[in-house]
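Protein chains: 4
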Amino acid sequence: MRTVIAARLPRDPANDHTRDMAEARRRVVGEATGVTLEHVGAFSFDPAVVRGNIEGFGGVAQVPLGFAGPLLVDGEHALGEFFVPLATSEGTLVASYGRGMRLTREAGGITTTVIDDVMQRAPVFVFCDARAARAFGGWVDEHFDDIRAVAEATDSFAHLVRIEQYAVGKMRFLRFDYTTGDAGGQNMVTKATHAACAWMTGQGLSGLEHFTLSGNLDTDKKHSAVNNLHTRGKRVVAEVTVPAALIEQVMHTTGAALYHQRQLSNMGSLLAGAVNNGAHYANGITAMFIACGQDVANVAEASAGFSYTELRENGDYYFSITIPSLIVATCGGGTELPTQRECLEVLGCFGPGKARKLAEIVAATVLCGELSLGSAIVSDQWVSSHESFGRNPPPST
Amino acid sequence: MRTVIAARLPRDPANDHTRDMAEARRRVVGEATGVTLEHVGAFSFDPAVVRGNIEGFGGVAQVPLGFAGPLLVDGEHALGEFFVPLATSEGTLVASYGRGMRLTREAGGITTTVIDDVMQRAPVFVFCDARAARAFGGWVDEHFDDIRAVAEATDSFAHLVRIEQYAVGKMRFLRFDYTTGDAGGQNMVTKATHAACAWMTGQGLSGLEHFTLSGNLDTDKKHSAVNNLHTRGKRVVAEVTVPAALIEQVMHTTGAALYHQRQLSNMGSLLAGAVNNGAHYANGITAMFIACGQDVANVAEASAGFSYTELRENGDYYFSITIPSLIVATCGGGTELPTQRECLEVLGCFGPGKARKLAEIVAATVLCGELSLGSAIVSDQWVSSHESFGRNPPPST
Amino acid sequence: MRTVIAARLPRDPANDHTRDMAEARRRVVGEATGVTLEHVGAFSFDPAVVRGNIEGFGGVAQVPLGFAGPLLVDGEHALGEFFVPLATSEGTLVASYGRGMRLTREAGGITTTVIDDVMQRAPVFVFCDARAARAFGGWVDEHFDDIRAVAEATDSFAHLVRIEQYAVGKMRFLRFDYTTGDAGGQNMVTKATHAACAWMTGQGLSGLEHFTLSGNLDTDKKHSAVNNLHTRGKRVVAEVTVPAALIEQVMHTTGAALYHQRQLSNMGSLLAGAVNNGAHYANGITAMFIACGQDVANVAEASAGFSYTELRENGDYYFSITIPSLIVATCGGGTELPTQRECLEVLGCFGPGKARKLAEIVAATVLCGELSLGSAIVSDQWVSSHESFGRNPPPST
Amino acid sequence: MRTVIAARLPRDPANDHTRDMAEARRRVVGEATGVTLEHVGAFSFDPAVVRGNIEGFGGVAQVPLGFAGPLLVDGEHALGEFFVPLATSEGTLVASYGRGMRLTREAGGITTTVIDDVMQRAPVFVFCDARAARAFGGWVDEHFDDIRAVAEATDSFAHLVRIEQYAVGKMRFLRFDYTTGDAGGQNMVTKATHAACAWMTGQGLSGLEHFTLSGNLDTDKKHSAVNNLHTRGKRVVAEVTVPAALIEQVMHTTGAALYHQRQLSNMGSLLAGAVNNGAHYANGITAMFIACGQDVANVAEASAGFSYTELRENGDYYFSITIPSLIVATCGGGTELPTQRECLEVLGCFGPGKARKLAEIVAATVLCGELSLGSAIVSDQWVSSHESFGRNPPPST
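Residue numbers (our numbering), protein chains in the order written: chain F, 2 to 398; chain Y, 2 to 398; chain B, 2 to 398; chain W, 2 to 398.
Mixed in with the good hints, there may be bad ones.
Residues of chain Y clear of chain F, computed beta-carbon distances all greater than 10 Å [claimed, not checked]:
| hint | residue |
| --- | --- |
| 1 | P14 |
| 2 | E56 |
| 3 | D142 |
| 4 | F145 |
| 5 | R149 |
| 6 | F158 |
| 7 | M189 |
| 8 | A246 |
| 9 | E249 |
| 10 | L272 |
| 11 | N284 |
| 12 | A292 |
| 13 | D317 |
| 14 | E346 |
Covered stretches of chain F (chain Y as the covering partner; in silico rule of three or more C-beta atoms under 8 Å from a C-beta of chain Y) [what the hints assert, rightly or not]:
| hint | region |
| --- | --- |
| 15 | 60 to 71 |
| 16 | 110 to 123 |
| 17 | 233 to 240 |
| 18 | 270 to 277 |
| 19 | 296 to 302 |
These are calculated hints, taken from the structure and not from any lab test.
Note that the Cβ used here is the ideal one computed from N, Cα and C, for glycine as well.
Pulled out of the complex, with its shape left as it was, chain F reads as follows (with noise of 0.2 Å):
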């Protein structure tokens, strides 16, 4: 039964994101499918809003939002509570983030620090052999201020502020870190860095066989030891220290058993050679990103980090998150599409210099999450198994 769509997608080159063309797209689809494309077509607003966000523009989605909260942030940059939205039809979700949020707002609150702050654009350079590569190498940090001047000239938001290299046979791979202002800044540093290969590539280098803008090591849209190590996007931290009192009577059990799983958590993750030893970060920075007009892809670079506790004499618990490459955005992409521009000024994070606190508030509600979802497992065990093993006492309490 193979499908056969003679139909093709309309298109108007004079202005294609219209209620009309977005009709008379749902119609050819349903047309040829046999499908009412009713809720998609209930959409709000002007579709000339989403143009540069869109092409075929059809309708939208529409993604079930929650609020949970508030969340008390105590960051540089997000200072106070947050009714915090959330898009999502996985359910508990909410309801999860919103006890973590209960918690550690009867803790006194969450510490959230952004430690470092670059977008990259990583081209390949290849060359006739590993010298003639190593002495583009130097040639590269000599003339450091003269690439910067050219990449920043494509953009005023784009500022170069080292380019990394990495070594491999006679390839160099150069890796371009920029700030970028407020937005999510991948287009703008992938300009920036053309404009400044081109120029590169022009000055006659000794050698070169081949040049590519971009040879993998940036990495976009995928995890990397790399991006670990040296970020992407917002590296961020967020801590609280839980009094043993509230752990027990919020989340039904103790800092002592919440370290154990620790440990075993963090062996699971080296065994299976996870890119999180954490539970569950994706989950929360996906309906954020979702609600707030984030490029919701970069969950993929997201969803790693690091997760490092303590466990304290008196029995409260010291728990942090880091998130090496959180890619958030208020300026540009989807930050000003409706609903989203909504959400974001919800937080107070619309427009210009709000990026870091947005950061702040996504790090602040994954930790919730972590906090949840971590006594959820540790409690439940507790409980239910309690009679058939329980009578052996976790080792390291």
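Fit chains Y, B and W to the supplied structure of chain F, relying on the hints for placement.
Relative to chain F, chains Y, B and W alone:
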């Protein structure tokens, strides 16, 4: 300037998924933040339908949705042409995937194959020493039928295929592998494994000190080497051979140039420690996941993958992508939400018996995006930098 | 100053392993380079014994060899006390391992457990497409008994346990898992797998385009995630619980301090993307491998591993190490060489039936080195830096 | 059958490195185990020379040593032809490397390039929170000159090049990068970093809770992603272009066949999560390390690497290997031991100013082994399995 929020989000224990409660929450959030949530509130369905999908429901994120295609798939489950709904705010994404769809359609379509299909929950059992842990491993093998019976009794769709075993120190990590019908299955396998483990720990396991339902070897919502090797969700391959003439005509480059770029991308990926040697699998997957009601956080797993290509003597180019951990559902989760269901129906992928079909369409879409972006990188280089270094032809051509 | 060598190394096709031929080669090398190879020529055995072990034989490397111990092992194969021969030129190595042996002996000895035992060869079969590759996977399962019969016919010690299967694109990687008696087994499994594959490719496999005996998934002489998960050689665990008093007395630190260091080391390893969260497994393994005639290049695999520890309430410290890929032999290879055999005999590990015993002794030795170096790092800090920052007690104690 | 050893190893605090003490230890070990340590005791030098290299000295491991070559190197430090000493007990190893040396010599020799040269110690500083840790990062940058002065005062050969910084949670991992003259340098950098850190922690660092000299980010005696990216020891490349005719004549295969195998090996490595996409770098490195008095445990790091190749239009084959973490010494450690020194002298690599030369020779040797084994795999397949599936030519040729 610390934000203080005195208000709390209202909740109606009796019936929380109503227009009134959604509005009440928007009002509280709006008053606390000074934001009018007009568009978030402009959803087109009865909130009762999102019961089970979200808590604290306040409205929707309207994510722009475009159509690309037709995509021509020669699958075992997906056969024929499809209009593909993509929800995104990243400009050029739909156009780029559309270009790849045109190329592959003219090349005769994309062959897709689901190689494996399995969902996991991975508890860890800690014993008094490594010998007791090893003995337990043997016990599990001997009692597999019993364990399976208990696990499968929890859900008629959960079928326990096997239990992988991994050993470190005095721990035994079990990785329960299930098929879960056409649901994503994460919750199903948690419940089934919980029951199985309760039965197991009730058998008086010799030397058991501790048990926990997840020891981070699942690995859920994060990439891992074990997932790459052993699949999480569907393992799916998409393949196409593009005639030389078509590459030049549509993509403005050659198979030889693409093949040379593949060598560089492989090295960049190995050097970076990247989880994917391709370009941007995550983009297409994310856009389809949002449109089609999938668990979008699973982009964390699905963003990993392998691109393998061959250059034929006649210049034709064989291109394949493998996604080892693609988690898709056509039942449950967000699949029955209004816009999401419409998009699944457009693909003929709504309801039971359709998950593998959906996996095939996603994989074919990913392949189109890889061909399109890969060609764009290569051809741009070819044109713009031709004068400066193009006199040296790429070495492998 | 380019070195030119006109001479060629002599070779006697009839009998190349003689004192005369060794001397002839030393003379040629000596004359070409102006070096007198006095010590290299001072070996104590008839060169005939190294036939099969080396070509171009010219003498020996005399690697200093020290004894440490007694090491007290409570293994299933190694039981009691052992003097451990360690060949190294790194000062303090023998002393440090010796200190750990004293500590663990006073703690009652080290429990060792061989968990798995398997050696691999991993051919790859390339088909016309992914479906043919998948079908081949099923064919392999169906014909496992036939394949095993062919493979095992090549060597009475080769026993084919299972064939793991891994799929990417149109390739099927098979990972043949054998036990190989008390030999290292790499050559044995190559020969057996070669025979098996010759039989397989002779069956007219549908769609087969290409076959090669190794597709780098073995993975031989290099670490890999698949080895970490599925073992190469012996998977062996060593465990000890050290009383609090003993840690203070012998190691001048505390279990709490060691446990805190473990947390930091885990994070460092995860961040670094390291293949071992311990300190220096490779040191002890290498020194034993050289002394005992093992294939020292397998340090590449054996250097990976997992340290897992627990702090008891009373301050006692449970410490375990797991080596997932320890390749050892007590037959074949270099085990019958004169000094190497003597060292194996000192351990009671020469000849058939002893490989697991040797694996246990190596693992116990590694554990001693980890305790010793780990304590040295922690106690040094504790003492020397006490005044400057010791007023802040370690947070987790 | 538990082995009990009542005796203890004798030790002479005044002068432990004598023939008498060595014999005394052999006697104790011999009596305890019933083994006559004849060959272990047959060393040719005064034990006084191994003072500083080993404790508990009892004799030597005599490792068979063969010569291969001449190897033709076109390096910046190694120039001309060399006989290469290889200490091993693995039959065919020397012959196989020798075959690669013949091939590359006839191809005009191997170009070698040392790209980077750096040795590390990586302390971790734990603070009260992430902000204090971040502030410390800035402090380190500001005080780099002071830190360097303190570090370099400990050893005239230690030069502190830079301090890399890595951040997780409230921790700051510093990775001190030194050049260390022609010594391996691990102890040198430990001492230098210890002094630097003592000075740093003495400056009253705000919020410092804990410090430890190594947090497993060095990463010593184990492979890591950070080493792959940033080098440990020498980063060295070896390159050769082998004419098509020579491949057929010497290796009985073709560049096209080797290139196809390279594609499969790359995929296998990516799938396996392997630290090396080549065949057996570790074999040649280990054999040279044993012969030449290197720290053989560093095979753990040196076994990682990257093979990158290109197939020319005329069938010539460009082959390169990159070893990112090759730790070699021509001073200190085991380099002055009798046989080891002779072997270094054979290479013209004994003493100051020779470490990079040695690195180049090792890399060139590794390249020979890769070409030889790679060809053996491919050609064997080609011949023996020709009838069954050879009718399908390899797809990329």
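Right, here's what the structure says about each hint:
1. P14: holds, 13 Å
2. E56: violated, 4 Å
3. D142: Fine: 20 Å to the nearest Cβ keeps D142 of chain Y off the interface.
4. F145: holds, 20 Å
5. R149: holds, 20 Å
6. F158: Non-interface label stands for F158 of chain Y: nearest chain F Cβ at 17 Å, farther than 10 Å.
7. M189: holds, 13 Å
8. A246: Holds, because the least Cβ-Cβ distance between A246 of chain Y and chain F comes to about 22 Å, which exceeds 10 Å.
9. E249: It holds; E249 of chain Y is separated from chain F by about 18 Å at its closest Cβ, greater than 10 Å.
10. L272: Non-interface label fails for L272 of chain Y: nearest chain F Cβ at 6 Å, not farther than 10 Å.
11. N284: About 5 Å separates N284 of chain Y from the closest Cβ of chain F, which leaves it inside 10 Å; violated.
12. A292: A292 of chain Y is in fact no farther than 10 Å from some Cβ atom of chain F, at 5 Å.
13. D317: Check passes; 22 Å lies beyond 10 Å.
14. E346: Violated: least Cβ distance 4 Å, not greater than 10 Å.
15. 60 to 71: holds (count 12)
16. 110 to 123: violated (count 1)
17. 233 to 240: violated (count 0)
18. 270 to 277: holds (count 7)
19. 296 to 302: holds (count 6)
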